[in-house]
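Residue numbers (our numbering), protein chains in the order written: chain A, 1 to 203; chain B, 204 to 380.
If you're looking for bench data, these hints aren't it; they were derived computationally from the structure. All of these numbers come straight from a predicted model, not from anything done at the bench. Where hints are given, some of them may not hold.
[To be verified] Computed, partial: chain B to chain A, Cβ under 10 Å: (1) 234; (2) 239; (3) 246; (4) 259; (5) 260; (6) 273; (7) 274; (8) 277; (9) 337; (10) 339; (11) 355.
C-beta atoms are modelled at their ideal positions from N, C-alpha and C, and glycine is treated no differently.
Chain residues, written in single-letter form:
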Amino acid sequence: MPRVKIARKSTAIDMTAMCDVAFLLLTFFILSAKPKTQDPIKAEVPFSTSVTVVPEADFSTLLISQGKVFFNVEGEDLRKKTLEIMSEKYKIPFSPDDYKTFSNTEYSGMPMKQLRGFLELPDKDRTAYPQPGIPTDTTDTNELYDWIHSARLADKYEHDKELKIGIKGDAQQQYPIVRDVISSLQKQHVDRFNLITSLKTTK
Amino acid sequence: MAELDTSGGGKKDGGKVRTKKKAVRVDLTAMVDLAFLLITFFILTTTLNKPKSQELIMPDKDDKQTKEAVAETKTMTLLLGKDNKLEWFIGLPGKTAPAVISYSKDQLRKTLIDQNAKIKATHNGDPMIVIVKPSDKSTYNNVVTVMDELNIVDIEQRAIVDMSPVELDLLKRDGLY
Numbered sequence: 001m002p003r004v005k006i007a008r009k010s011t012a013i014d015m016t017a018m019c020d021v022a023f024l025l026l027t028f029f030i031l032s033a034k035p036k037t038q039d040p041i042k043a044e045v046p047f048s049t050s051v052t053v054v055p056e057a058d059f060s061t062l063l064i065s066q067g068k069v070f071f072n073v074e075g076e077d078l079r080k081k082t083l084e085i086m087s088e089k090y091k092i093p094f095s096p097d098d099y100k101t102f103s104n105t106e107y108s109g110m111p112m113k114q115l116r117g118f119l120e121l122p123d124k125d126r127t128a129y130p131q132p133g134i135p136t137d138t139t140d141t142n143e144l145y146d147w148i149h150s151a152r153l154a155d156k157y158e159h160d161k162e163l164k165i166g167i168k169g170d171a172q173q174q175y176p177i178v179r180d181v182i183s184s185l186q187k188q189h190v191d192r193f194n195l196i197t198s199l200k201t202t203k
Numbered sequence: 204m205a206e207l208d209t210s211g212g213g214k215k216d217g218g219k220v221r222t223k224k225k226a227v228r229v230d231l232t233a234m235v236d237l238a239f240l241l242i243t244f245f246i247l248t249t250t251l252n253k254p255k256s257q258e259l260i261m262p263d264k265d266d267k268q269t270k271e272a273v274a275e276t277k278t279m280t281l282l283l284g285k286d287n288k289l290e291w292f293i294g295l296p297g298k299t300a301p302a303v304i305s306y307s308k309d310q311l312r313k314t315l316i317d318q319n320a321k322i323k324a325t326h327n328g329d330p331m332i333v334i335v336k337p338s339d340k341s342t343y344n345n346v347v348t349v350m351d352e353l354n355i356v357d358i359e360q361r362a363i364v365d366m367s368p369v370e371l372d373l374l375k376r377d378g379l380y
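Please model the complete structure; the sequences and the hints are all you need to start from.
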């Protein structure tokens with residue numbers, strides 16, 4: 001009986017197509033990834049077992065850390081509109097460049113009177129500038145109250161939606177300032193808000 | 204041909220410059236490996252790292268109509284003090300002795316479950332109402348932990364309220380303020 005010979009095949013596979021697909025996907029993921037922006041102040045958010053995902057639009061975040069409060073609203077159009085309303089309220093005019101810078105900056109923690117000077121700093125100095133945080137004194141209409149109020153108005157004008165508000169606090173932050181922030185919210189009858197946490201993985 | 208001519212442009216002596224024919228096959232395995240590794244990295248960092256949030260509903264401050272009298276024996280008060288300690292009591296301050304506990308699972312959660320069961324048994328299945336009173340010395344983390352434990356134990360009726368002077372004295376007495 002003659003032995004059946006199995007033809008030897010080369011093990012090399014043409015990887016070109018696979019490589020193409022892999023890089024296509026890679027490009028897609030890189031482009032769709034949101035660049036991580038540097039917060040002006042470090043905040044280690046507390047852990048919880050909650051799994052509700054933070055909304056990406058029509059959302060405002062109040063960052064609380066080291067006794068300072070920073071304000072952010074998602075979306076460049078909303079930031080611009082918010083500043084317009086604030087500028088009207090405080091009778092402080094801003095130049096078109098200021099609006100542009102403000103809508104590109106995520107968190108802001110400047111008192112209204114110093115905001116203009118802050119926005120006119122060169123980019124490099126601005127990111128390094130130690131912002132003092134938004135004043136949250138207990139007067140009836142403090143600046144934080146106005147920021148939140150303006151952002152809510154802006155969202156109503158631009159998108160006709162109710163702005164959702166999240167508090168991103170540092171775990172070690174002492175409670176009194178959190179209470180001030182919550183009372184600023186409650187004064188304008190925002191009784192529902194989100195506490196931003198990260199998921200507890202170890203049981 | 205799609206190859207680079209690297210032989211230089213010297214053709215002075217009129218002789219033909221011959222380029223060597225090389226195989227154009229390149230081993231792409233390592234490149235594909237790298238690409239997939241990066242893909243995995245980007246997938247993991249974009250979708251799994253979304254921040255989570257916990258909804259907090261505060262009672263409306265101006266709403267006077269919904270306020271109703273609640274049996275004091277149904278309410279449990281948690282006073283959040285310093286050094287990650289808290290104390291709790293049932294009913295009005297001073298009537299029942301407060302107990303100092305920590306935020307750990309076997310202390311806070313156990314107390315909540317036990318008291319909830321006890322109150323349900325004595326009040327025809329009515330659930331316990333929890334009032335959380337954070338002091339100035341407590342941290343934001345403490346508040347989030349308590350709210351999270353209440354979510355886990357499934358106690359719907361809770362509120363965050365400011366502390367009264369009597370309760371502050373209790374905390375001071377127990378060395379938590």
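Agreement of hint residue 273 (chain B) with chain A interface, Cβ distance less than 10 Å:
19 Å, violated
Is the hint on residue 260 (chain B) kept, meaning its closest Cβ partner in chain A is under 10 Å away?
5 Å, holds
Was the hint right that residue 337 (chain B) lines chain A, CB cutoff 10 Å?
It holds, given that the least Cβ distance between residue 337 (chain B) and chain A is near 5 Å, below 10 Å.
Go through the hint on residue 339 (chain B) and say holds or violated, using the shortest Cβ distance to chain A against 10 Å.
Interface hint status for residue 339 (chain B): holds (5 Å vs cutoff 10 Å).
Was the hint right that residue 277 (chain B) lines chain A, CB cutoff 10 Å?
23 Å, violated
The hint names residue 246 (chain B) as touching chain A; please verify it with the least Cβ-Cβ distance against 10 Å.
6 Å, holds
Regarding the hint that residue 355 (chain B) lies at the interface with chain A, is the smallest CB-CB distance below 10 Å?
With a closest approach of 6 Å, the residue 355 (chain B) hint holds.
Closest C-beta approach of residue 234 (chain B) to chain A relative to 10 Å, hint status:
With a minimum Cβ separation of about 6 Å from chain A (threshold 10 Å), the hint on residue 234 (chain B) holds.
Once the shortest beta carbon distance from residue 239 (chain B) to chain A is found, is it less than 10 Å?
5 Å, holds
Have a go at the residue 274 (chain B) hint: is there a Cβ in chain A nearer than 10 Å to its own Cβ?
25 Å, violated
Given hint residue 259 (chain B) near chain A, where the shortest CB pair must fall under 10 Å:
5 Å, holds
Hint compliance for this structure: hints 6, 7 and 8 are broken, all remaining hints hold.
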